[in-house]
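So the protein sequences, as listed, match chains A and B.
Here my numbering is used: the first residue of the first sequence is 244, the next is one more, and so on.
Here my numbering is used: the first residue of the second sequence is 309, the next is one more, and so on.
There may be inaccurate statements among the hints.
[Stated by the list, open to error] Cross-link-like lysine to any residue pairs, in silico, SDA-like; alpha carbons within 25 angstroms at most: (1) A:Lys441 with B:Ile428; (2) A:Lys456 with B:Ser332; (3) A:Lys528 with A:Val267; (4) A:Lys456 with B:Arg363; (5) A:Lys456 with B:Gly431; (6) A:Lys441 with B:Gln437; (7) A:Lys525 with A:Ile622; (8) A:Lys456 with B:Asn480; (9) A:Lys525 with A:Gln694; (10) A:Lys456 with B:Pro434; (11) A:Lys441 with B:Gln432; (12) B:Lys398 with A:Ala488; (13) A:Lys528 with B:Arg444; (14) B:Lys479 with A:Ala436; (15) A:Lys605 with A:Val544; (16) B:Lys389 with A:Phe386; (17) A:Lys456 with B:Gly352; (18) B:Lys398 with A:Thr437; (19) A:Lys456 with B:Val476; (20) A:Lys441 with B:Glu477; (21) A:Lys456 with B:Phe369; (22) A:Lys348 with B:Asp323; (23) A:Lys456 with B:Thr456; (24) A:Lys348 with B:Gly352; (25) A:Lys348 with B:Asp326; (26) B:Lys479 with A:Thr437; (27) B:Lys470 with B:Leu357; (28) B:Lys398 with A:Ile492; (29) A:Lys711 with A:Glu253; (30) A:Lys689 with B:Asp343; (31) A:Lys456 with B:Glu361; (32) A:Lys456 with B:Gly433; (33) B:Lys314 with B:Asp343.
The hints are simulated quantities; they were obtained by calculation from the structure and are not laboratory data.
This one's a predicted model, so the numbers in the text were calculated from it and none came from an experiment.
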Amino acid sequence: MSATVSPLREPLIDGSKSYHDITVDLVRSTEESPGKLWWTCFLISIHVLLFGIFCILWTIWHGIGVWDLNRTIGWGWDITNFVWWIGIGHAGTLISAILLLFRQKWRTGVNRAAEAMTIFAVMCAGLFPVIHMGRVWLAIFIFPYPNTRGSLWPNFNSPLLWDVFAISTYLTVSVLFWYTGLVPDFATIRDRATGIRKRVYTFLSFGWTGSAKHWQRWEALSLVLAGLATPLVLSVHTIVSFDFATSVIPGWHTTIFPPYFVAGAVFSGFAMVQTLMLITRKVLKLQEYITIGHIESMNKVILVTGTIVGVAYLTELFIAWYSGYIYEQFAFFNRAFGPYYWSYFGMMFCNVVSPQVFWSKKIRRSLWWTFFMSIFINIGMWFERFVIIATTLARDYLPSSWSYYVPTWVEIGIFVGTFGLFFTLFLLFTRVAPVVAIAEVKSILKSAGDQYLRPNTEHHEQVMGDYKDAVEHGKEYVTDHHAHAEHH
Amino acid sequence: MRELGKEIIFGLYDDEQDLLSAVSSATHDHMDIYDVYSPFPVHGLDPILGLEESRLHIAGFIYGALGTLTAFLGMTWIFTKDWPIIFGGKPYWSVPAFIPITFELTVLFAAVGMTVTFYIINGQGPGVQNPILHDRISDDKFCIAFDTHSVEEGSAKSFFEKTGATLVEKKNI
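The whole structure should be built from the sequences, with the hints applied where relevant.
Set out below in structure tokens:
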């Protein structure tokens with residue numbers, strides 16, 4: 244069975260698991276009652292969420308004047324947070340869809356949790372533009388529906404409306420993709436459960452039986468949804484970047500924005516996946532399913548996307564100089580040396596300089612380094628959006644309207660509140676659904692389980708050892724693969 | 309739960325390799341398999357079971373095309389016939405600006421349409437209960453089922469014994 248796998252491949256499932264072991268290990272978190280640690284985290288999250296709801300209600304009651312936005316700086320923390328949360332979501336789709344198309348087996352260990360993270364992050368993101376509208380009860384006006392005002396339609400030429408379509412499609416498709424993957428796993432829980440849990444999971448598992456034809460269709464559906472989600476995820480952050488790029492503000496009006504935003508989104512998203520997975524694997528004891536190899540793979544993606552982001556920053560600076568356009572040049576000079584210089588250097592350090600440590604394999608495989616870097620990157624990517632939005636607006640064409648902006652407690656409260664929402668949903672998710680995709684992990688067991696890879700690796704090491712011996716002793720190296728193969 | 313009024317005899321196997329060789333030998337002996345169940349998709353099963361490739365992706369293409377047309381023709385009608393407005397001196401029918409929404413609705417229609425179709429043709433949905441032959445099928449057992457109307461109980465039993473099934477049972481569904 245293991246003959247088709249390279250001996251250099253690291254096992255993705257440790258602990259010589261059988262199919263039944265996988266079921267038991269991965270269903271455990273939904274069967275046991277939560278421990279003290281979970282309850283502590285949950286209670287904290289829910290209180291933070293309640294404070295966020297209070298701040299949102301405060302905003303709606305008093306109007307968005309309580310945010311201290313002004314005529315110069317019309318977008319502050321709200322849109323910064325919106326872009327940041329949307330970006331976080333992108334890693335989930337990248338793992339579940341793009342890595343499915345590339346047949347990367349390591350995705351099976353992390354895709355379920357990453358997709359959940361996507362959905363929750365998009366929910367947090369969607370909150371900001373809606374409350375930024377001010378009169379939230381008129382939010383339905385953004386949808387094109389026949390109405391008594393004419394019918395008066397929204398402006399389909401506006402990137403803000405494109406955002407509405409992009410984000411609602413993204414949320415819908417992510418939920419469908421995630422739930423379709425969950426159905427067979429809910430069936431696994433259902434078949435082990437009794438009493439009220441059995442009734443609940445019977446409802447949730449949609450009558451899944453595991454029939455061969457259903458699996459065939461399930462795979463066909465997953466593949467096409469992955470194929471759809473791949474351009475979709477690229478389009479979402481492209482359209483978010485259009486909010487800026489289609490304007491005529493220096494520093495925003497650039498064609499590099501779409502690829503640069505997408506790379507930044509994947510970068511920050513993977514950082515958030517790392518933060519969550521490092522804690523989840525430890526608390527739920529999933530180290531054999533989310534191995535150091537998984538963490539290292541994700542750190543490689545972080546290194547690549549972080550470097551792309553760095554190149555984009557430098558390209559922007561170069562083009563500002565090369566264009567000879569003084570307003571563009573001023574915009575970038577102002578970012579680095581203007582009133583918000585600290586956020587620019589924070590961004591440069593966290594996003595461009597610090598991820599370069601991941602060139603070292605030892606650091607890529609270190610849990611502590613990974614954890615600290617993931618926090619750093621999340622902060623850095625938040626700074627990036629703040630630099631783009633607030634810094635640029637603070638210094639516009641008219642020096643008489645130049646301004647400075649500091650968020651109020653309400654704005655900070657709403658941002659902190661979205662963390663409450665995010666973690667409340669994630670903590671609930673770890674208790675009702677398997678955090679690792681059970682069926683998908685089983686399907687890679689024979690090609691990635693350590694007990695199946697070990698003979699292969701041992702054989703490889705022996706052959707390489709023989710070769711080294713032969714070279715060292717100046718002898719001719721005779722291939723004797725058959726003898727070794729028979730030996731194993 | 310719906311009653312199908314069928315009497316099923318089924319055998320469980322411990323490994324997908326045992327399942328694959330058992331299915332091959334069943335099709336070789338022209339035994340009419342009612343269905344095969346597994347805890348995860350077993351690759352290489354479809355051809356020997358004689359399952360044709362799913363046409364779900366064709367449905368997906370049609371839904372997607374429907375989304376493209378809905379978005380593009382809808383925006384065209386709204387901005388050229390129903391309520392033409394000039395935005396920034398651009399033409400009423402500004403096609404490049406329609407591309408993002410057209411793309412998004414293509415994806416939305418294809419994804420929603422395909423997923424709904426998937427559950428309908430599978431006979432699945434929220435709260436639907438289909439007969440489950442054995443609790444371990446969604447865990448670690450691989451199952452071949454025969455309808456006793458088309459395969460005699462005796463020959464099914466000897467087949468399961470020959471191919472190494474670890475458990476053989478009868479169930480009315």
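How the hints compare with the structure:
no.	hint	verdict
1	A:Lys441 with B:Ile428	23 angstroms, holds
2	A:Lys456 with B:Ser332	17 angstroms, holds
3	A:Lys528 with A:Val267	12 angstroms, holds
4	A:Lys456 with B:Arg363	12 angstroms, holds
5	A:Lys456 with B:Gly431	12 angstroms, holds
6	A:Lys441 with B:Gln437	12 angstroms, holds
7	A:Lys525 with A:Ile622	23 angstroms, holds
8	A:Lys456 with B:Asn480	21 angstroms, holds
9	A:Lys525 with A:Gln694	23 angstroms, holds
10	A:Lys456 with B:Pro434	20 angstroms, holds
11	A:Lys441 with B:Gln432	17 angstroms, holds
12	B:Lys398 with A:Ala488	18 angstroms, holds
13	A:Lys528 with B:Arg444	24 angstroms, holds
14	B:Lys479 with A:Ala436	21 angstroms, holds
15	A:Lys605 with A:Val544	16 angstroms, holds
16	B:Lys389 with A:Phe386	19 angstroms, holds
17	A:Lys456 with B:Gly352	13 angstroms, holds
18	B:Lys398 with A:Thr437	64 angstroms, violated
19	A:Lys456 with B:Val476	22 angstroms, holds
20	A:Lys441 with B:Glu477	23 angstroms, holds
21	A:Lys456 with B:Phe369	21 angstroms, holds
22	A:Lys348 with B:Asp323	21 angstroms, holds
23	A:Lys456 with B:Thr456	21 angstroms, holds
24	A:Lys348 with B:Gly352	18 angstroms, holds
25	A:Lys348 with B:Asp326	24 angstroms, holds
26	B:Lys479 with A:Thr437	21 angstroms, holds
27	B:Lys470 with B:Leu357	19 angstroms, holds
28	B:Lys398 with A:Ile492	20 angstroms, holds
29	A:Lys711 with A:Glu253	22 angstroms, holds
30	A:Lys689 with B:Asp343	24 angstroms, holds
31	A:Lys456 with B:Glu361	9 angstroms, holds
32	A:Lys456 with B:Gly433	16 angstroms, holds
33	B:Lys314 with B:Asp343	13 angstroms, holds
Hint 18 alone, counting from the list given before, is not met by this structure.
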